[in-house]
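Number of protein chains: 2
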Amino acid sequence: MKETINIGLIGYGIVGSGAVKILIENEDAIARKVGSRLVVKRIADLDITTPRPFAVDPSVLTTDVSSLLDDHDIDIVIETIGGTKPAGDFIERALRSGKSVVTANKELIAKEGERFLPLAAQLGLDFMFEASVGGGIPIISPMKGSLAGNEILQVKGIVNGTTNYILTRMRMEGLGYEEIVKDAQTRGYAEADPSADVDGHDAAYKTAILASIAFTTRVDVNRVYREGITNLNATDMRYADELGYVIKLLGIAQIIDGKVLARVHPTFVPKGHPLAHVDYVNNAIFVRGSAVGEVMFYGPGAGSGAAGSAVVGDVIEVARNIRQGCCARVPCTCFDQRDMLGMDSVVCKNYIRILAQDKPRVLATIANEFADRNVSIESVLQKNLLDSDAEIVWLTHEAPEPMVRGALDAISKLSVVKQVSSWVRVAD
Amino acid sequence: MKETINIGLIGYGIVGSGAVKILIENEDAIARKVGSRLVVKRIADLDITTPRPFAVDPSVLTTDVSSLLDDHDIDIVIETIGGTKPAGDFIERALRSGKSVVTANKELIAKEGERFLPLAAQLGLDFMFEASVGGGIPIISPMKGSLAGNEILQVKGIVNGTTNYILTRMRMEGLGYEEIVKDAQTRGYAEADPSADVDGHDAAYKTAILASIAFTTRVDVNRVYREGITNLNATDMRYADELGYVIKLLGIAQIIDGKVLARVHPTFVPKGHPLAHVDYVNNAIFVRGSAVGEVMFYGPGAGSGAAGSAVVGDVIEVARNIRQGCCARVPCTCFDQRDMLGMDSVVCKNYIRILAQDKPRVLATIANEFADRNVSIESVLQKNLLDSDAEIVWLTHEAPEPMVRGALDAISKLSVVKQVSSWVRVAD
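Chains G and D, in that order, give the protein sequences.
The letter at position 169 of the first sequence is residue 160 when you use the working numbering, and the numbering goes up by one with no holes.
The letter at position 321 of the second sequence is residue 312 when you use the working numbering, and the numbering goes up by one with no holes.
Careful: at least some of the hints might be erroneous.
Which copy is meant is left open, because identical chains are indistinguishable; a pair holds if it fits in one copy or across any two.
[Unchecked claim] Cut-off 20 angstroms, straight-line C-alpha distance, at most; resulting in silico cross-link-like pairs (SDA-like, lysine to any residue): (1) Lys76 <-> Lys340; (2) Lys(-7) <-> Pro322; (3) Lys135 <-> Asp19; (4) Lys340 <-> Arg314; (5) Lys135 <-> Asn17.
The set of hints was computed from the structure by calculation and includes no laboratory data.
Given the structure is predicted, the values throughout are model-derived calculations rather than measurements.
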């Protein structure tokens, strides 16, 4: 049994310093939970002079990542740089030199998971990434462990804190996307270039990771449908409220006839649904299992403490495995080869807002286009605007996406229609 | 590496047959998740003739539990009899004959956990009990794993499905406890003798287990304060609603100055709190960690599939450990010796309903008793009843429980007061 397990950390930013703070502050309790002492032996970062929120002994810091990767006394490498390069190469070097790896890097796992998971398994090492999805919420480990008896049928949730913060404030304050995103940037809740969040890339990475674990198959992140929140506005927020819904950016992954459908898009969520109450930077993930039914995991989706908690949870698990000589005890679970489906397989209710001329028979003309494609209508709201225009809001019953798209194509070509202003899918 | 891992199950009831159904129906997928095949080799029950919802090969069934416990080929024993006797003796025999154990038995863990956890650790075996709390919700494993970096400060939640079902229906239908419990019994949601649920015993067992894991200490279940739901009525439900609350039976465990305060009692939960939306047989558990902040786990708290899912999740974890020769990789985490506190340490808001004479100065007289003990009042509602009585509903600010109790003792002795009809604690 190893009395001391040494840790090297690469990337001393928000997540990295959160993890180090926990490892040092709770060192004694963690030692008792593992049976061995966990020591942060080395921290590598390009910048080791800017003070961090949590100060460490300067002798631990280095700008030379090789001195960490080549140190034979280091048992576990934590990677919290983010991005694919150079993080991926550092991780591969760590694994090839016999170190287990814990990472928070969703982009890397989503794009190159295949590069690391089989390699770690083959080398008898652990490669863990709980912090890559849902911040501090335990979700990957429960899916691989406590829920492993289930065939998982669907995973669905709010997986991006920044967009949820923006949408929550748009709803509460009745303001548009542009106004809130600017304020969110000044407050540090959105990046200067917010596209990774607001265009749905981050949520797509996380949805791909969740789908991959849930459905025991590799998931090509490029085949995850992705639609961001930049087109949402105060008008749609208001109509959503009027109709009994809240707009959320959801990641949804499901199994249809053995194939995977994974998508990220703004969604009308009924006010009675628990996801409607998940606000600000919180995340929540629903898992539907064949035996358990529906379980939900909820908590802070971002932040130093939350992500640090998830990283340290993984480190503790790896340390227990190192102590017992049983790394790689959970085999790589991507043993299926499932095809992926596109959006044509979606069947759902839809919210559609159309700007049209305020003339007799306009409503009937549009309704006919829906009817021609068997898209039946649950409710219609027509509001006459000032300049002889009418805003017509439609809520359809469940309909196949190709039929809805076909109807909207035809409707947008009607001479009485000025534009199809919005189309948002509605969750059951 | 063992190619086949054999399982014996004792107690073929709701939970046991749920677990067996999953193990058999998902056998192939589970084998790939473990790396070895899991085989249900023997099922022992006193009754092996009554048909179960899931049929197994009759040759697997036995009424002779010793033939299972003495079978050297059986690696894992699942205990789903419930109760302390004879379950505890069977589990001890299983451990002493070198078998790891998975159980759903909350009463046994809460009362005699100390008998099994150190024994299993000493013998190098696993002893797991995810299904004992929260039905199908992963909660014990995440606390021991993903959240293990945190000092856990509070665990709070709805942990009994039967009482939550009764309270949900009382609220929705405006009926009293007696009416709903009778209907719940005929529908199979409450036992013929419902006391284990409605008097809070079941919730106390689960709260003791949660507290013990959260605070890394043994918890004496007899020192968990316990108050059931049998005194709740439609009137209090209505006032709760009027004041912006929902009444839930909560288990609450917290650390105060290093000591453990654990309690089960009806609680006013603000309508904006996620726990207020957990209805019917669902359970939800909040965990507050020093690093992660607050995370919530939600899902079905009972039922064959839910509990079976939790049991099989444990079995899969144990099987992975057996395969790698690393059972007992998670040490027993009760390494602290913490004292337990009583209800005198509670500081909270309170809902109090008083029946008094409808006379001048009654309100002031009662208010003086609160004021004398520094119990300040957030709001008061007075309703005059038909027969010259007045019903006065008080919502206090946060106050120490001994002060509130002192005030109520004095108030109940006032000549103008007919009775203190209700006293329910209010959650923040």
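Kindly indicate which numbered hints from before are broken by the structure, ordering the numbers from low to high. The structure conflicts with hints 1 and 4, although it agrees with all the remaining ones.
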